[in-house]
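Enquirer: Here the protein sequences come in this chain order: A and B.
Residue numbering for the first sequence follows the working numbering, beginning at 1 and increasing consecutively.
Residue numbering for the second sequence follows the working numbering, beginning at 1 and increasing consecutively.
Treat the hints with care, as some may be off.
Facing chain B, according to a computed beta carbon distance under 8 Å, are these residues of chain A, among others [what the hints assert, rightly or not]:
1. R32
2. A35
3. H41
4. A99
5. R112
6. M116
7. A140
8. P181
9. T194
10. G197
Derived by calculation from the structure, the hints in this document are not laboratory data.
Quick reminder that beta carbons are idealized off the backbone N, C-alpha and C, glycines included.
2 protein chains.
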Amino acid sequence: MKLHWSPRSPFVRKVVIAAHEVGVADQLQCVRTVAAMMKPHAELMVDNPLSKIPTLVLDDGTVLYDSAVICEYFDGLHAGPKLFPSLPRERMTALRRQALGDGLLDALILWRGEMMRPAAQQSDPYLASFAARTEATLAALEREAQDLESSAFSIGHVSIGCALAYLDFRFADRNWRNNCPRLAAWHATFLARTSVGATEVVDDA
Amino acid sequence: MKLHWSPRSPFVRKVVIAAHEVGVADQLQCVRTVAAMMKPHAELMVDNPLSKIPTLVLDDGTVLYDSAVICEYFDGLHAGPKLFPSLPRERMTALRRQALGDGLLDALILWRGEMMRPAAQQSDPYLASFAARTEATLAALEREAQDLESSAFSIGHVSIGCALAYLDFRFADRNWRNNCPRLAAWHATFLARTSVGATEVVDDA
């Protein structure tokens, strides 16, 4: 399987963690594809016209995206404990958590894009909106931290863990742990997983 | 079930179409919630800290988001033909199409947000990127139109149909049908569905 990949994309990291969790990481042929929001990537767009990574190309040519779809595909390739639970209540909780982690990541990526514009092109209300939504999401995750800790590891944990790791990587000065002690404790267990250690992000650029 | 709703949100429309398709629309109590990207909505954020609609609150207080999760939840409430196929190949195709339709919608909403900024705050490369990705996605959908037509109606059809309807609603001057005759023919069958007609968007503001 060919994976359009970049070492610093948090959504790519999410699918590679999932691949490690379910034991298919060694089947991935990672192709470095830099997909900047401002710069559509012609070769990538042959496989995914949205010009987004991760995008997975199976050996028979079938293309899969986005990260949620790729993770669910990987989860169908093994017989171990599932990242996508089959029981309805557990499944909906895992999927809702995935949407929360992915939604936080989407907001953080847009926020960073906004901060990297020339000063005259930045929108103050937009920046304030990202800050407010990030704070609210961290507060909600702190309230949910004990449940995260006690429930079976799922795709929701992967998404939330990746979003918090991205906060560390790109927004370290916000010190999110200060107001989120229980969430920080859970996140330490996330970072200790083999799958997560194997995908540590290195800022090599 | 309480649905945080707005008449002009394409992602809300997606879940209401799904609700009609599977026969649970009459169980929805729609509460008008205006969730502008620049303006976090305090009351909504109690249920969804990302301040996004649609957000669904079940009678037992369980909260579900985003649109994909809500649609999958609805699909579990009925015994008819499923919007989320269970066979792996069909399921992955439907989910990939959902990601394509949702991804196009995300891009269109961001594009419109960019165009509505004060002129001095607009980014030309960003605007050009949205145009390029939209054109590429329409071209890809045109190539896929015959398969869309011949495959069983799924959540992928709902997402793509809603994205194209949003193009009509907010980007009518782009005349997307000009270069996409097969896609336009498929979309006419989408618009003719009872579920879609029941959720027609009216610009009442």
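Enquirer: Classify the hint on A/G197 as holds or violated, based on whether any CB of chain B lies nearer than 8 Å to its CB.
Expert: violated (28 Å)
Enquirer: Does A/R112 hold up as a contact with chain B if the rule is Cβ-Cβ below 8 Å?
Expert: violated (14 Å)
Enquirer: Holds or violated: the hint that A/A140 contacts chain B, with Cβ atoms closer than 8 Å.
Expert: holds (4 Å)
Enquirer: Next item in the hint list is A/H41. Is there a CB on chain B closer than 8 Å to its CB?
Expert: violated (10 Å)
Enquirer: May I ask you to test the interface hint for A/R32 with respect to chain B, counting a Cβ-Cβ separation under 8 Å as satisfied?
Expert: violated (20 Å)
Enquirer: For the restraint on A/T194, tell me whether the closest CB of chain B is nearer than 8 Å.
Expert: violated (27 Å)
Enquirer: Does A/A99 meet its interface restraint, that is, does its C-beta lie within less than 8 Å of any C-beta in chain B?
Expert: Holds, about 4 Å.
Enquirer: With 8 Å as the cut and Cβ atoms as the points, is A/P181 at the interface with chain B?
Expert: With a closest approach of 18 Å, the A/P181 hint is violated.
Enquirer: Identify whether the interface hint at A/M116 stands, where standing means a beta carbon of chain B within less than 8 Å of its own.
Expert: Result: violated, 10 Å to nearest chain B Cβ.
Enquirer: Does the nearest C-beta of chain B fall within a distance shorter than 8 Å of the C-beta of A/A35?
Expert: violated (10 Å)
The structure fails to meet hints 1, 2, 3, 5, 6, 8, 9, 10 from the earlier list, while all remaining hints are met.
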